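*Asks:* With chain B fixed as given, assemble chain X onto it according to the hints.
The lines below spell out each chain.
Protein chains: 2
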Amino acid sequence: MTDFAKTKSLFHLPEGIIYLDGNSLGPLPKAATAAVSKTMQDEWGELLITGWNKAGWMNKPSNVGDRVGKLIGAPSGSVVMGDTLSIKVYQALASALEINSDRKLVLSDTGNFPSDLYMADGLIKSLDKGHELRLYNPESVAEQLTEEVAVLMLTEVDYRTGRLHNMAEITKKAHDLGIITVWDLAHTAGAVDVDLEGADADFAIGCTYKYLNSGPGGPAFIYVAPRLQDQVRPALSGWLGHEAPFAFDLDYRAGGGIERMRCGTPPILQLASLEASLDIWDLATMADVRAKSIELTDLFVKLVEDSCPDLKLASPRNGQERGSQISFHFKEGYAAMQALIDRGVIGDFRAPDIMRFGFTPLYIDEGDVIQAVEIMKEVMTNKLWDNPKYFERSAVT
Amino acid sequence: MTDFAKTKSLFHLPEGIIYLDGNSLGPLPKAATAAVSKTMQDEWGELLITGWNKAGWMNKPSNVGDRVGKLIGAPSGSVVMGDTLSIKVYQALASALEINSDRKLVLSDTGNFPSDLYMADGLIKSLDKGHELRLYNPESVAEQLTEEVAVLMLTEVDYRTGRLHNMAEITKKAHDLGIITVWDLAHTAGAVDVDLEGADADFAIGCTYKYLNSGPGGPAFIYVAPRLQDQVRPALSGWLGHEAPFAFDLDYRAGGGIERMRCGTPPILQLASLEASLDIWDLATMADVRAKSIELTDLFVKLVEDSCPDLKLASPRNGQERGSQISFHFKEGYAAMQALIDRGVIGDFRAPDIMRFGFTPLYIDEGDVIQAVEIMKEVMTNKLWDNPKYFERSAVT
Chain B
17 MTDFAKTKSL
27 FHLPEGIIYL
37 DGNSLGPLPK
47 AATAAVSKTM
57 QDEWGELLIT
67 GWNKAGWMNK
77 PSNVGDRVGK
87 LIGAPSGSVV
97 MGDTLSIKVY
107 QALASALEIN
117 SDRKLVLSDT
127 GNFPSDLYMA
137 DGLIKSLDKG
147 HELRLYNPES
157 VAEQLTEEVA
167 VLMLTEVDYR
177 TGRLHNMAEI
187 TKKAHDLGII
197 TVWDLAHTAG
207 AVDVDLEGAD
217 ADFAIGCTYK
227 YLNSGPGGPA
237 FIYVAPRLQD
247 QVRPALSGWL
257 GHEAPFAFDL
267 DYRAGGGIER
277 MRCGTPPILQ
287 LASLEASLDI
297 WDLATMADVR
307 AKSIELTDLF
317 VKLVEDSCPD
327 LKLASPRNGQ
337 ERGSQISFHF
347 KEGYAAMQAL
357 IDRGVIGDFR
367 APDIMRFGFT
377 PLYIDEGDVI
387 QAVEIMKEVM
397 TNKLWDNPKY
407 FERSAVT
Chain X
17 MTDFAKTKSL
27 FHLPEGIIYL
37 DGNSLGPLPK
47 AATAAVSKTM
57 QDEWGELLIT
67 GWNKAGWMNK
77 PSNVGDRVGK
87 LIGAPSGSVV
97 MGDTLSIKVY
107 QALASALEIN
117 SDRKLVLSDT
127 GNFPSDLYMA
137 DGLIKSLDKG
147 HELRLYNPES
157 VAEQLTEEVA
167 VLMLTEVDYR
177 TGRLHNMAEI
187 TKKAHDLGII
197 TVWDLAHTAG
207 AVDVDLEGAD
217 ADFAIGCTYK
227 YLNSGPGGPA
237 FIYVAPRLQD
247 QVRPALSGWL
257 GHEAPFAFDL
267 DYRAGGGIER
277 MRCGTPPILQ
287 LASLEASLDI
297 WDLATMADVR
307 AKSIELTDLF
317 VKLVEDSCPD
327 LKLASPRNGQ
337 ERGSQISFHF
347 KEGYAAMQAL
357 IDRGVIGDFR
367 APDIMRFGFT
377 PLYIDEGDVI
387 QAVEIMKEVM
397 TNKLWDNPKY
407 FERSAVT
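Chains B and X, in that order, give the protein sequences.
Under the working numbering, the first sequence has 138 at position 122, and the numbering climbs by one with no breaks.
Under the working numbering, the second sequence has 62 at position 46, and the numbering climbs by one with no breaks.
Honestly, the hints are just simulated from the structure, not real lab data.
None of the values given here were measured: they were computed from a predicted structure.
Positions of the beta carbon are idealized from the N, C-alpha and C atoms, including for glycine.
One or more hints might be untrue.
If you want the ones that stay clear, here's a sample from chain X, every Cβ over 10 Å from chain B, calculated [unchecked claim]: (1) Asn79; (2) Asp99; (3) Asp137; (4) Val165; (5) Glu348; (6) Ala367.
Computed list of lysine-lysine pairs in DSS-like fashion (alpha-carbon distance at most 25 Å, straight line) [what the hints assert, rightly or not]: (7) B:Lys318 x B:Lys393; (8) B:Lys70 x B:Lys54; (9) X:Lys145 x B:Lys120; (10) B:Lys347 x B:Lys399; (11) X:Lys46 x B:Lys405; (12) B:Lys70 x X:Lys145; (13) B:Lys54 x X:Lys54; (14) B:Lys120 x B:Lys145; (15) X:Lys46 x B:Lys46; (16) B:Lys46 x X:Lys70.
Just the calculated beta-carbon pair ranges, DEER-fashion [claimed, not checked]: (17) X:Lys328 x B:Leu299: 36 to 42 Å; (18) X:Leu244 x B:Asn69: 57 to 63 Å; (19) X:Glu155 x B:Asp265: 16 to 22 Å; (20) X:Asp295 x B:Lys86: 35 to 41 Å; (21) B:Asp381 x X:Glu408: 39 to 45 Å; (22) X:Gly360 x B:Lys86: 39 to 45 Å.
So here's chain B without its partners, still in its complex pose:
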């Protein structure tokens, strides 16, 4: 059984803050600063260029990828770290479209994260081959699968509502129709006990700065099913995905396995920070995290509905059908969220009216949930949000 009091003690959580936004940016693992300092001073500082060999920097994207893989049901050698999630979306979609090159339709849903849709749009415009990106409601997208569809590209957990797609079921249906799947796990990795191998997923991508607590701008990951790895052509064919990067050949030859999805030089400092967080993840099981997440979110829904009748649940009521966040509709949600943040309860707001709260069992417990709702009750009951200062918009909300 995971000792969540122990894992909580390993994060830096500022005094007076209940942090319900770890689904956007996870907090600082206490050991991360020292880990990055060590990488900088003992490795970069002392080893200089030889750090690529002597400190194992060159193999970090794969080695760390294997550690992330354990949290998403991916076998060793199927996940590699690097770049940003948007870049990995591009890689996955470009590869998938080539495999299904006789089809032109890319299906997604309106609950997909916009950047994924933007990257798909950019790719389709670049290819200029008559591909079409078609969006349906999350609830109906699975019904729209036909043999015309080349790629189904979905984010498993809706970033606004937390609604969870049934990956295994949808992937099965897609495969029966010859469709390749690309799953975005941004709000899944570290939140839901997903099983990529069991679901027979084709491609998956995700970021590490949310539930995996790697810090602002931490590297993304990409999963390619082992059965596809040697047939995918990396559209972003950088030298570190080459079969022999240091031969400096003029011609590209894709490296073996997942290595070919590497591109440029890996961000060693950000990877060191991620590793410190993965050390905490080593103390947890995803099954325990998922069970605890459902407990915490169920409790939160109950307490909020009991005490804040103006907030309307936007997330699925059934814990099995959502990720690790709870969202409520409230017309003045932006201002209400600023009022909460002002009182130490940090969630976030997503247009047009969603107040979003993330629950992260590694460092959030029942006491936090109860205290957060007490503050919410005070803000909502007394309309404390009705203050001009809470209506000022900042660049990032």
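*Replies:* Frame of chain B, contents of chain X only:
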């Protein structure tokens, strides 16, 4: 006049090492570890998600881009940081090919860094529109420019020999023929006093972990000439290049100016490390660095040729015609370089027979050059490289 003794004192240079590989990975600025720790503890740790606003993370790619811009003759608002150099090559080339969409030829030279060629190859295969990447010798590529050429893509300083292209002259010739130019400044930024604006360059890209000392995996940069910024379509159209990232619209609308070349979430820890290095760069002028670089490399060539007759100069003899590195041909160059590294002189080896030494006036002085050549003389005169242990190949060389 730049005080190079002062700048040298601001780097961590390990005892007993003469580091002539700053053209591959610059050394650690002494202030960088504390700067990154501060970003982690005071910003990430304390501000959590609000750091994107309160700590200015969201604007860092442009603000740091402006600082890098000063070192390469780029006006404010024309450079933005992010991703890796390979990704930025892809962005620049994809944009350039769209501007010249009626032409199909991409010209480069065999001295371009292989990853640039690999990315071009990958892009051309993805586009599948009959583009062709054609390579010439660096010496003759400028003679091959015709009105058939869509894009000329060159690395200004050859990574093997240090040979410097004449950017202004070649760009002028290219423009007269309607060709768009993409300049890779990997071995230029912080080494040569390039003037992108003066040369009327179209696109430029580069990395920061070499002469700009940002650390392993530091972010890349991209420059787009202001006259082109509003007409380029970013092929990699991520949300942070969107006109309004936090509106979460389903449709992509490119942001204004250089901002549209942003893609995903910026690597804040790596950027903090880069900023610590740029604080040192603030104490120097590129004119002084360039003058000192030519002095140091001239001295190195003279001393090596006087004392190591087996080494044949591979770099241009005229300092104005090369970047800030000196390379020598030597049949057993790999082993000889290992023997030097074993004795504290760190350079590197590039196949098939090039021993490469970088000169970085911010922290390398005449005393270092003289001492390095004394050790080289000992190694070469006594054939100290002729030892089986120096012939063992490691993963990164």
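*Asks:* Among all the numbered hints in the text so far, which are the ones the structure does not match?
*Replies:* 2, 3, 6, 11, 12, 17, 18, 21
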